[in-house]
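Participant: Using numbering that gives the first Met the number 0, the first residue of the sequence shown is number 0, and each one after it goes up by one.
There could be a bad hint or two in this list.
Stated by the list, open to error - Below, a list of computed lysine-lysine pairs in the BS3-like style, where the Cα atoms sit at most 25 Å apart:
no.	residue 1	residue 2
1	K250	K41
2	K39	K111
3	K190	K250
4	K191	K250
5	K38	K250
What the hints assert, rightly or not - Listed next, with one range per pair, are the computed distances between beta-carbon atoms:
no.	residue 1	residue 2	range
6	D164	P43	33 to 39 Å
7	M288	I112	45 to 51 Å
8	D164	R313	47 to 53 Å
9	R145	T298	34 to 40 Å
Hint data in this document are derived by calculation from the structure and do not stem from the laboratory.
Using N, Cα and C, we set each Cβ at its ideal position, and we do this for glycine too.
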Amino acid sequence: MLIEDAYLINILGVDMYAWGLHVALGAALALAVLAVLWKKQKQPAGGAAVTGLCMLVCGFVLSRLLFVLFDGSMRSSVTLEGAVYVQGGGYSMFGALIGAYLGAWIAARCMKISARAMLDRVTVALMIFVVVARLGERFTDIGISRPLVNAPEGFGPFVTVGEYDSYISTYLLESILAAVIFIVCLWDLCKKRREGFTALLGWLLFGASQTVLESLRFDQHMKFSFVGVQQVLAMVLLIAVTVLLGVLAVKNGRGKKWLTGACIYLVCLMGAVVGLEFLIDRSGLSRLMLYSVYVLLMTVPCVMGMRLRYLAERE
């Protein structure tokens, strides 16, 4: 949610929240990237504009809808009037991304072009949106960690200093990782992979990183107890993409043992994540140690997924 009466910017006589300005800028940059990729790949003229419009509409609607349905503060007292009151904030990043992908898919179907190739381009573009939109969370009351017992010195913008406590600037870590995924996916797209494989790579990396970073957040944004809805969605994304890549590899005549190993590991991983979340929330163990284990656990499916992707694409 937005902080009332704070971080307002006046542009041509119109008051705008700094967060909203970041979201608008991120969307504009994403559409610009999409337009450039569209032109380079010689797609139908005007198609980028149609795709962008569909992405904006579907992204906005699903972002708000997911928040209204799954945020505790809204769910307990939601009304139709409250659901459509959008000026005060209350959106889901995963809802925005799912909606944008849905809009892109609809546009691809309407224009009768490859939906898989569309998803590749859209994945690259949306990572730029995430980079800028996450930076805008600096002007909200979300995107920070639990209070730090001993705030480290010399970490600059990575630590948010409040009136009474200091916090890790989770939103900044998310922005940086989104930038890394953007670079990786753009490089991968230039390699002319099989259609849809760049999108799968982006989803794999985003799902793994967001599972950890959503855990690091402590803002009660769309959370039930110590587990967040968006963290569950990130975990589901990671598992689904890994299994899908395994199935594609097996269909290509390779990777059966890798798929079996990945499925066994993913089942164990789900239990490990629940256990880690409980320890992070309820135990006195070092959170630095627990999150180090968390990162290592999430690295394994990324490696497995990329190996399965290679086997699925190999001639």
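Participant: So which of those numbered hints doesn't the model satisfy?
Facilitator: Violated: hints 1, 5, 6 and 9.
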